[in-house]
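Taken in sequence, the protein lines are chains W and A.
Quick note on numbering: the first sequence equals residues 0 to 188 in numbering that gives the first Met the number 0.
Quick note on numbering: the second sequence equals residues 0 to 188 in numbering that gives the first Met the number 0.
What the hints contain is simulated information worked out from the structure, not anything from laboratory work.
Among these hints, one or two may not hold up.
Stated by the list, open to error - Sample of chain A residues facing chain W (criterion: CB under 8 angstroms; computed from the structure):
#1 R31
#2 E35
#3 I36
#4 Q37
#5 L72
#6 G74
#7 F75
#8 Y79
#9 F82
#10 I87
#11 G91
#12 K94
#13 L95
Unchecked claim - FRET-style restraints, in silico, Cβ to Cβ:
#14 W:S114 to A:G57: 31 to 39 angstroms
#15 W:E25 to A:Y132: 42 to 50 angstroms
#16 A:E181 to W:I56: 32 to 40 angstroms
Don't be surprised by glycine CBs; every beta carbon is placed ideally from N, CA and C.
There are 2 protein chains.
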Amino acid sequence: MALTFVTTNENKFREVAIIAEEYEIELEWEKRAYMEIQADSLEDIVRFGVREVCREIGRPCFIEDAGLFIYALRGFPGPYSKFAFLTIGNRGILKLMENVENRLAEFRSAVGFCSPGGEPVVFSASVVGRITYEPRGTGGFGFDPIFEVDGKTFAEMSTREKNLLSHRGAAIRKFLLWFKGESRQDMGG
Amino acid sequence: MALTFVTTNENKFREVAIIAEEYEIELEWEKRAYMEIQADSLEDIVRFGVREVCREIGRPCFIEDAGLFIYALRGFPGPYSKFAFLTIGNRGILKLMENVENRLAEFRSAVGFCSPGGEPVVFSASVVGRITYEPRGTGGFGFDPIFEVDGKTFAEMSTREKNLLSHRGAAIRKFLLWFKGESRQDMGG
Numbered sequence: 000m001a002l003t004f005v006t007t008n009e010n011k012f013r014e015v016a017i018i019a020e021e022y023e024i025e026l027e028w029e030k031r032a033y034m035e036i037q038a039d040s041l042e043d044i045v046r047f048g049v050r051e052v053c054r055e056i057g058r059p060c061f062i063e064d065a066g067l068f069i070y071a072l073r074g075f076p077g078p079y080s081k082f083a084f085l086t087i088g089n090r091g092i093l094k095l096m097e098n099v100e101n102r103l104a105e106f107r108s109a110v111g112f113c114s115p116g117g118e119p120v121v122f123s124a125s126v127v128g129r130i131t132y133e134p135r136g137t138g139g140f141g142f143d144p145i146f147e148v149d150g151k152t153f154a155e156m157s158t159r160e161k162n163l164l165s166h167r168g169a170a171i172r173k174f175l176l177w178f179k180g181e182s183r184q185d186m187g188g
Numbered sequence: 000m001a002l003t004f005v006t007t008n009e010n011k012f013r014e015v016a017i018i019a020e021e022y023e024i025e026l027e028w029e030k031r032a033y034m035e036i037q038a039d040s041l042e043d044i045v046r047f048g049v050r051e052v053c054r055e056i057g058r059p060c061f062i063e064d065a066g067l068f069i070y071a072l073r074g075f076p077g078p079y080s081k082f083a084f085l086t087i088g089n090r091g092i093l094k095l096m097e098n099v100e101n102r103l104a105e106f107r108s109a110v111g112f113c114s115p116g117g118e119p120v121v122f123s124a125s126v127v128g129r130i131t132y133e134p135r136g137t138g139g140f141g142f143d144p145i146f147e148v149d150g151k152t153f154a155e156m157s158t159r160e161k162n163l164l165s166h167r168g169a170a171i172r173k174f175l176l177w178f179k180g181e182s183r184q185d186m187g188g
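Hey, can you work out the whole structure from these sequences and the hints?
See the structure below:
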């Protein structure tokens, strides 16, 4: 069975495709932007976005949104992580964290799925880690080089390693488990 | 004639009410949040938002959105200025600007007006200034204490003084001039 993932981000698609393989689900990549609202919660953002994009493309699909919430910065950059990455980048975050002792941060992920005419279903997960003092590693994307869990940044891990620990990996797994259950029911199980 | 301004921000309402007085327009304050989309352009944000909120309240109304676009930070915090203010604040911006020579920044404002059943009309304006090295002044709100024009920060100016120079003042004036013209036409002029 094939499942449509709507994202413009190739790195994200690759990460998620590897997890989908574990569940024997084939991902179809719909490379398009969808409408994102400004909200404090990623769940609200994907709920709105997946309903709209599902209406546009007319078939079941899912989206995923993630953000880095730094405790000492009151949750900055949070839902606007992509914009912060494209403007101030990892260097900007490290500058904001200069002389800040509390390095705790959370990467959060929300996944939204919708079928035409149906209501969105949302799954989320998070992982707590620390903001490093320097970027490390060349894997991953976005803020991965400055976020470490158990002494390794996400950019120092292979995609499979990151998927085991990451917010996105956890949220996607919750979603895919649910999706497989739903599909079985549809097939008369 | 009374005109409805939708905003949750009391400071913003007060600034705009003073300008409306000059045009002999009475402002009615509709204190409610409206849906904001994530977009690079304030114009797109107000166009979408005013259409939605006008549908909700069922009468002509306008909204205003503003942002601080810092050249050396590639336009950060831009459309997400409110979130950046509430999280990293003026201190965060000044930290990001430590050892940055190019202090140029732009405050931008977009005003959106809509009547039930009509298309939104959008007006915008901007003012170029500099990011200070320290916050100065107690007036205004948001990033006003760190944005200076002609040697004075917006927070060091009276509301009337700020309105003469500011992005918001300019965009609101454009809108009100247009609105008065439209109103005259409606009355058969």
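Results of checking the hints against the structure:
This hint is violated: R31 (chain A) has a C-beta 15 angstroms from the nearest C-beta of chain W, more than the 8 angstroms allowed. With a least beta-carbon distance of about 4 angstroms to chain W, the hint placing E35 (chain A) at the interface is held under the 8 angstroms criterion. The closest approach between the C-beta of I36 (chain A) and any C-beta of chain W is roughly 6 angstroms, which is under the 8 angstroms cut-off, so the hint is satisfied. Interface hint status for Q37 (chain A): upheld, as the beta-carbon distance to the closest one in chain W is roughly 4 angstroms, under 8 angstroms.
Checking L72 (chain A) against chain W by beta carbon gives a least distance of about 6 angstroms; that is within 8 angstroms, so the hint holds. Hint status for G74 (chain A) relative to chain W: holds, with the closest Cβ pair at about 6 angstroms, below 8 angstroms. The interface hint given for F75 (chain A) holds, since its Cβ lies 4 angstroms from the closest Cβ of chain W, which is under the 8 angstroms cut-off. A distance limit of 8 angstroms between C-beta atoms decides the matter here; for Y79 (chain A) the minimum to chain W is near 5 angstroms, and the interface restraint holds.
At about 6 angstroms, the closest approach between the beta carbon of F82 (chain A) and any beta carbon in chain W falls short of 8 angstroms, and the interface hint on this residue holds. Among the interface hints, the one on I87 (chain A) holds; its C-beta lies about 5 angstroms from the nearest C-beta in chain W, closer than the 8 angstroms criterion. For G91 (chain A), the shortest C-beta to C-beta distance to chain W is roughly 6 angstroms, which falls under 8 angstroms, so the interface hint holds. Proximity of K94 (chain A) to chain W holds as hinted, the smallest CB-CB distance being about 6 angstroms (cut-off 8 angstroms).
Below 8 angstroms, beta-carbon pairs count as interface contacts, and L95 (chain A) has one with chain W at about 6 angstroms; its hint therefore holds. The supplied range of 31 to 39 angstroms is met by S114 (chain W) and G57 (chain A), whose beta-carbon atoms lie about 32 angstroms from each other. As the Cβ distance of E25 (chain W) to Y132 (chain A) is approximately 56 angstroms, the hint placing it in 42 to 50 angstroms is violated. In this structure the hint that E181 (chain A) and I56 (chain W) lie 32 to 40 angstroms apart at CB holds, the actual value being about 39 angstroms.
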